[in-house]
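Enquirer: These are the residues of each chain, in order.
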Amino acid sequence: MANIQERVTRSFTDQGISFTLYGEDETTERIIPIDAIPRIVPESDWQVLEAGLQQRLSALNLFLKDVYHDARIIRDGVIPVDIVKGCSQYRLEMQGVLTPNDVYVGICGSDIVRTHDGYRVLEDNLRVPSGVSYMIANRRAVKSNISRTFRRANVMEVEHYGRYLFETLRELAWTQSSEPSIALLTPGVYNSAFYEHVFLANEIGAELVEGQDLIVTNGHVYMRTTFGLKKVDVIYRRIDDDFIDPLVFRKDSTLGVPGLMHAYKLGNVALVNAPGTGVADDKSVYVYVPDMIRYYLSEEPILANVETYLCRRPDDLEFVLDNLDKLVVKTVGGSGGYGMLMGPQATPEERNRYAANVRADPTNYIAQPQLQLSRSPCWLDNKVQPRCVDLRPFILQGLQSRMVGGAFCRVALPEGSYVVNSSQGGGGKDVWVVRN
Amino acid sequence: MLARSAESLYWMARYLERAEHLSLLLEVQLNALVDRPIRELSFGWHRIFKHLQAQPPAEGEMDSSAFSDDESLADAYTLADGLTFESRNEYSLWSCFSRARENARQSRHRISEQMWSCLNLSYLQFRETKLTHIWQDEPQQFYIELVEAINTFFGMASVSMFRDEGWDFMQLGKTIEHLQLRANLLSIQAQDSPELPADGSRDFEWTSLLYAYRAVWAYQRIYGIDIETDTALDMLVTNSDLPNSLMYGITRADERLHGLGTAPDAKAGDSALRVSGRLKSLIEHEWPETDDRVRMLSLITTLADRLHERIASAWFNYHTENAARQV
Chain A
1 MANIQERVTR SFTDQGISFT LYGEDETTER IIPIDAIPRI VPESDWQVLE
51 AGLQQRLSAL NLFLKDVYHD ARIIRDGVIP VDIVKGCSQY RLEMQGVLTP
101 NDVYVGICGS DIVRTHDGYR VLEDNLRVPS GVSYMIANRR AVKSNISRTF
151 RRANVMEVEH YGRYLFETLR ELAWTQSSEP SIALLTPGVY NSAFYEHVFL
201 ANEIGAELVE GQDLIVTNGH VYMRTTFGLK KVDVIYRRID DDFIDPLVFR
251 KDSTLGVPGL MHAYKLGNVA LVNAPGTGVA DDKSVYVYVP DMIRYYLSEE
301 PILANVETYL CRRPDDLEFV LDNLDKLVVK TVGGSGGYGM LMGPQATPEE
351 RNRYAANVRA DPTNYIAQPQ LQLSRSPCWL DNKVQPRCVD LRPFILQGLQ
401 SRMVGGAFCR VALPEGSYVV NSSQGGGGKD VWVVRN
Chain B
437 MLARSAESLY WMARYLERAE HLSLLLEVQL NALVDRPIRE LSFGWHRIFK
487 HLQAQPPAEG EMDSSAFSDD ESLADAYTLA DGLTFESRNE YSLWSCFSRA
537 RENARQSRHR ISEQMWSCLN LSYLQFRETK LTHIWQDEPQ QFYIELVEAI
587 NTFFGMASVS MFRDEGWDFM QLGKTIEHLQ LRANLLSIQA QDSPELPADG
637 SRDFEWTSLL YAYRAVWAYQ RIYGIDIETD TALDMLVTNS DLPNSLMYGI
687 TRADERLHGL GTAPDAKAGD SALRVSGRLK SLIEHEWPET DDRVRMLSLI
737 TTLADRLHER IASAWFNYHT ENAARQV
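Chains as they are written, first to last, in this note's numbering: chain A, 1 to 436; chain B, 437 to 763.
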């Protein structure tokens with residue numbers, strides 16, 4: 001087992017499968033730690049997850065169309081108006097803007113945890129979800145090193161994700177061409193997920209562009225090539241809304257493309273995911289996703305949420321402040337494990353400091369019980385040890401919904417840790433969805 | 437392809453070619469430590485620093501006539517360390533290598549997986565190496581292995597890289613760097629070597645350059661076993677079959693440029709072709725028999741620099757209004 005682990009780790013190092021941590025030296029690359037023991041998920045479980053996630057994404061897309069058009073869900077009192085329109089990710093600029101096939105979120109990565117009473121959705125990542133390249137890299141590294149076991153286990157494949165992604169992007173182009181010009185917009189080589197951007201551009205045969213490579217002329221987007229300017233039909237953007245167009249959003253952005261939103265609103269280029277999707281993965285809005293499913297689809301949610309307290313509600317706020325030592329508190333717009341309080345592990349001073357922040361701006365916080373995450377065997381320090389894990393499957397939505405049979409499994413590597421984020425010392429492992 | 441990706445590939449190849457060139461010079465220089473007089477060693481270090489347009493760490497230490505052999509070795513250690521591992525020196529091998537990798541990383545979707553792995557592995561090994569590790573035995577071996585690693589990379593490219601524009605720009609970068617470096621070094625050597633005493637030191641310097649450019653065997657086949665300054669320079673400039681000659685470099689660059697077709701900035705592209713043609717003509721038809729060679733090498737160096745500028749304007753940094761007609 002030690003040899004297998006060493007080979008798997010070395011293959012990541014040799015290939016430079018890395019990420020960069022925010023706040024560190026910009027040239028620092030870290031190899032994402034990979035554990036060689038795969039996580040096993042039975043096909044029967046996977047079918048439930050797949051159906052539940054597709055149902056969820058359908059409702060979220062309907063929600064996004066609704067809040068940027070008629071806002072029926074608000075008028076009908078299902079979701080309070082201030083939660084939606086007070087959300088920092090709500091984009092006025094998207095009011096009335098149509099998207100191809102009414103799809104706002106074409107690529108979704110939802111975080112799933114397994115607790116004592118089954119799988120639950122911890123959060124939906126609807127802006128620029130990352131990690132899918134590690135899912136495939138984990139699979140390639142593990143499969144080639146334990147090939148006989150893999151063959152015997154009858155595992156579902158994940159390596160056709162690139163084809164699914166390409167088909168999804170093609171379906172989300174305004175143009176009817178079977179070969180739309182697709183570009184993947186990256187913030188650049190110093191972005192933490194740059195490896196993934198390169199990987200995905202390669203998988204779908206797209207140009208990997210930075211903002212400086214694109215220009216907008218006569219309402220169309222072009223990229224600078226060695227043949228001259230070439231029109232772009234679809235942009236798979238891996239840049240946050242704030243930075244995509246300095247004429248509309250942050251004026252100091254050097255990552256974006258001036259005039260991009262103008263071209264987008266004219267329907268001359270498709271952006272995947274659409275701007276403004278962050279309003280649907282805000283942690284306050286998350287609480288209402290089961291209600292959205294009932295409202296738009298007239299179905300009961302297949303997958304449950306994690307119990308969540310909204311600090312904007314006075315009763316919830318009181319409960320949260322009284323029980324900080326038992327809860328995990330997060331900012332509503334946060335991600336990557338930053339800015340959150342792990343109540344049970346925090347010191348009284350840390351909890352007091354955090355409580356003051358929550359009191360000062362309760363609308364910015366939610367709280368959840370510290371979940372007893374499922375644990376999975378990992379090879380650490382030359383022995384098998386249990387570690388907390390979660391799952392991030394990726395759901396694609398074009399004219400149809402697509403998922404591969406696997407996910408990125410994140411592992412909280414430090415002993416006793418519940419934080420699985422790569423930026424906080426987490427690692428990854430392959431997920432084997434084993435056919436019945 | 438994306439102009440920025442083309443530029444990354446171009447620079448990746450340039451930095452690797454630069455690293456290879458410096459490795460070859462350092463290998464020869466460290467080999468000379470074994471048995472050459474201190475005066476020749478000093479000339480060799482001067483040649484390298486002048487070529488790099490850099491100041492040695494302590495200029496006084498370069499005047500080695502006053503030093504013993506032991507002190508000269510200590511100087512060599514310091515100088516080799518600075519030229520090889522010092523990340524603050526933009527001309528060091530480490531800087532060249534890491535910039536090559538950075539450019540490869542930016543255009544990773546345009547090179548083969550095998551090329552990336554090859555470059556990344558060499559980079560990781562280089563990163564773990566210190567001069568103290570290599571100085572104990574044969575320091576020159578490190579430079580030989582680095583050259584082999586770079587050659588392996590380009591060999592891997594030749595069997596695994598798709599022959600699209602990415603390949604063309606990579607090859608173009610390699611040949612332009614080749615041309616600029618060799619023209620510059622030959623110019624310095626032709627200018628400075630007359631200052632050396634004609635007691636064999638001058639011939640040794642040209643012999644060492646032929647060694648560095650892997651040209652001794654070819655020279656001896658053509659001109660016999662006695663190596664002479666003028667014929668050595670002739671060969672390194674005009675021989676079209678010698679991979680390290682200027683003629684070989686400009687011929688390859690010219691072929692690549694013609695293969696690229698019309699540039700987005702057609703005017704700059706035409707200008708690049710004219711400069712390239714002029715360079716080829718200079719070397720092929722106007723290389724002087726004896727006199728004026730230093731001036732000619734200086735002109736070749738200037739034109740090689742200009743060629744690079746024209747390429748960058750034509751394909752990488754062109755004004756979009758110049759390219760608008762191609763939309």
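Derived from the structure by calculation, the hints contain no laboratory data.
Just to be clear, a hint being listed does not mean it is correct.
[To be verified] Quick list of the computed label-pair ranges, beta carbon to beta carbon:
#1 A:H160 <-> B:G591: 43 to 51 Å
#2 B:G591 <-> A:V384: 37 to 45 Å
#3 B:E526 <-> A:Q212: 19 to 27 Å
#4 B:D600 <-> A:Q212: 47 to 55 Å
#5 A:R435 <-> B:L567: 35 to 43 Å
#6 B:S548 <-> A:E349: 51 to 59 Å
#7 B:F598 <-> A:I4: 27 to 35 Å
[To be verified] Calculated pairs, BS3-like style, for lysine-lysine (alpha carbon to alpha carbon, straight line, at most 25 Å):
#8 A:K231 <-> A:K85
#9 A:K143 <-> A:K383
#10 B:K703 <-> A:K231
#11 B:K716 <-> A:K230
#12 A:K265 <-> A:K230
#13 A:K85 <-> A:K65
Note that the structure is predicted; figures quoted are calculated from it, not measured.
Don't be surprised by glycine CBs; every beta carbon is placed ideally from N, CA and C.
Enquirer: Decide, hint by hint, whether the structure agrees.
Expert: Each hint, compared with the structure:
1. A:H160 <-> B:G591: 43 to 51 Å: Between H160 of chain A and G591 of chain B, where Cβ atoms are some 32 Å apart, the hint is violated.
2. B:G591 <-> A:V384: 37 to 45 Å: Given about 42 Å between the Cβ atoms, the range holds.
3. B:E526 <-> A:Q212: 19 to 27 Å: 23 Å, holds
4. B:D600 <-> A:Q212: 47 to 55 Å: Violated, at about 22 Å.
5. A:R435 <-> B:L567: 35 to 43 Å: 56 Å, violated
6. B:S548 <-> A:E349: 51 to 59 Å: 54 Å, holds
7. B:F598 <-> A:I4: 27 to 35 Å: The hinted range 27 to 35 Å holds for F598 of chain B and I4 of chain A, with Cβ atoms some 33 Å apart.
8. A:K231 <-> A:K85: 35 Å, violated
9. A:K143 <-> A:K383: 21 Å, holds
10. B:K703 <-> A:K231: 23 Å, holds
11. B:K716 <-> A:K230: Violated, at about 34 Å.
12. A:K265 <-> A:K230: Distance ~20 Å between K265 of chain A and K230 of chain A Cα, so the pair holds.
13. A:K85 <-> A:K65: 14 Å, holds
Going down the numbered hints, you'll see the structure goes against 1, 4, 5, 8 and 11, while the others check out.
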